[in-house]
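S.K.: Sequence:
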Amino acid sequence: MLGPGNEIAATEALQTWPDKLQVGGGICETNASKWIERGAAKVIVTSYLFPSGNFSQQRLEALATQVGRDRVVVDLSCRRRSEGGWVVAMDRWQRLTDMVVDEQTLKKLAGFCSEFLVHAADVEGLCGGIDRELVECLGKWSPLPATYAGGASSVDDLDLVNRLSRGRVDLTIGSALDIFGGSMVRFDDCVAWNRRVEPAAEHT
Numbered sequence: 001m002l003g004p005g006n007e008i009a010a011t012e013a014l015q016t017w018p019d020k021l022q023v024g025g026g027i028c029e030t031n032a033s034k035w036i037e038r039g040a041a042k043v044i045v046t047s048y049l050f051p052s053g054n055f056s057q058q059r060l061e062a063l064a065t066q067v068g069r070d071r072v073v074v075d076l077s078c079r080r081r082s083e084g085g086w087v088v089a090m091d092r093w094q095r096l097t098d099m100v101v102d103e104q105t106l107k108k109l110a111g112f113c114s115e116f117l118v119h120a121a122d123v124e125g126l127c128g129g130i131d132r133e134l135v136e137c138l139g140k141w142s143p144l145p146a147t148y149a150g151g152a153s154s155v156d157d158l159d160l161v162n163r164l165s166r167g168r169v170d171l172t173i174g175s176a177l178d179i180f181g182g183s184m185v186r187f188d189d190c191v192a193w194n195r196r197v198e199p200a201a202e203h204t
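Numbering (our numbering), first residue to last: 1 to 204.
Please note that the accuracy of each hint is not assured.
Simulated crosslink set (EDC-like; lysine to aspartate or glutamate; CA at most 16 Å straight-line) [what the hints assert, rightly or not]:
#1 34 with 7
#2 108 with 98
#3 140 with 102
#4 107 with 124
#5 108 with 61
#6 140 with 170
#7 107 with 61
#8 140 with 122
#9 20 with 70
#10 140 with 98
#11 20 with 37
Keep in mind that the hints were calculated from the coordinates and are not lab data. A quick note: this is a predicted structure, and the numbers were derived from the prediction, not measured.
Could you put the whole structure together from the sequences, leaning on the hints where they help?
M.R.: Shown next, in the form of structure tokens:
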């Protein structure tokens with residue numbers, strides 16, 4: 001829910017498919033339970049965890065206590081650092097925080113959430129290819145299910161992310177997808193890919 005006027009639409013979506021969708025945007029300790037009650041399977045939290053740009057362990061623990069860690073997704077959307085690696089960015093990815101995205105960070109957060117969402121902000125919305133290094137690192141580092149977003153431009157990127165992460169990271173496709181006005185990826189092809197891959201994964 002980026003910007004005003006989204007709560008009605010978000011509520012309608014959650015009520016249409018209860019306990020299946022995740023909701024994010026302005027999530028905090030005071031409203032998280034409300035969204036779970038409205039039908040959200042999980043709440044996605046970012047900026048609330050970084051008051052003044054510094055990570056607050058206390059806020060994360062309070063949120064996990066309120067709705068249960070199984071209902072919390074921590075968004076670690078990030079930008080590359082000039083010296084290498086990535087740092088979490090907030091406020092529409094314009095403001096860098098004090099949190100580095102690495103194995104130690106993911107392990108530290110894992111006790112208070114059930115999933116990670118990681119936008120590669122440097123390539124987000126450009127449809128120019130994924131951040132391969134970040135995907136590969138997430139596959140090695142994350143002790144929890146992780147979803148990567150940023151730069152996908154082809155249904156083949158589903159195979160690429162699956163291969164680079166050794167099947168441990170999912171891919172979300174935005175700007176390139178036809179149902180969002182894109183012309184590079186067909187939603188039906190993504191559905192077909194998932195139907196083909198999921199049965200195989202169940203037997204590995």
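S.K.: Now, for every hint given, state plainly whether the structure supports it.
M.R.: Hints, one by one, checked against the model:
1. Only pairs whose Cα atoms come within 16 Å are accepted, and residue 34 paired with residue 7 is accepted, the gap being roughly 11 Å.
2. Of the supplied pair hints, the one linking residue 108 and residue 98 holds, its CA atoms being roughly 15 Å apart against a limit of 16 Å.
3. Between residue 140 and residue 102 the alpha-carbon distance is near 10 Å, which keeps this suggested pair within the 16 Å criterion.
4. Restraint check: the Cα-Cα separation between residue 107 and residue 124 comes to about 25 Å, which exceeds 16 Å; the hinted pair is violated.
5. In summary, the hint linking residue 108 to residue 61 is supported, as the alpha carbons are separated by about 12 Å, within the 16 Å threshold.
6. In summary, the hint linking residue 140 to residue 170 is supported, as the alpha carbons are separated by about 13 Å, within the 16 Å threshold.
7. Using a Cα cut-off of 16 Å, the hinted pair residue 107 and residue 61 holds, with the two alpha carbons roughly 14 Å apart.
8. Proximity of residue 140 to residue 122 is assessed by CA-CA distance (about 21 Å); at most 16 Å being required, the pair is judged violated.
9. A threshold of 16 Å between alpha carbons decides the hint, and for residue 20 with residue 70 the separation of about 13 Å falls inside it, so the pair holds.
10. Pair hint residue 140 plus residue 98 does not hold up; C-alpha atoms about 22 Å apart against a cutoff of 16 Å.
11. With a C-alpha separation of about 13 Å, the suggested pairing of residue 20 with residue 37 holds against the 16 Å cut-off.
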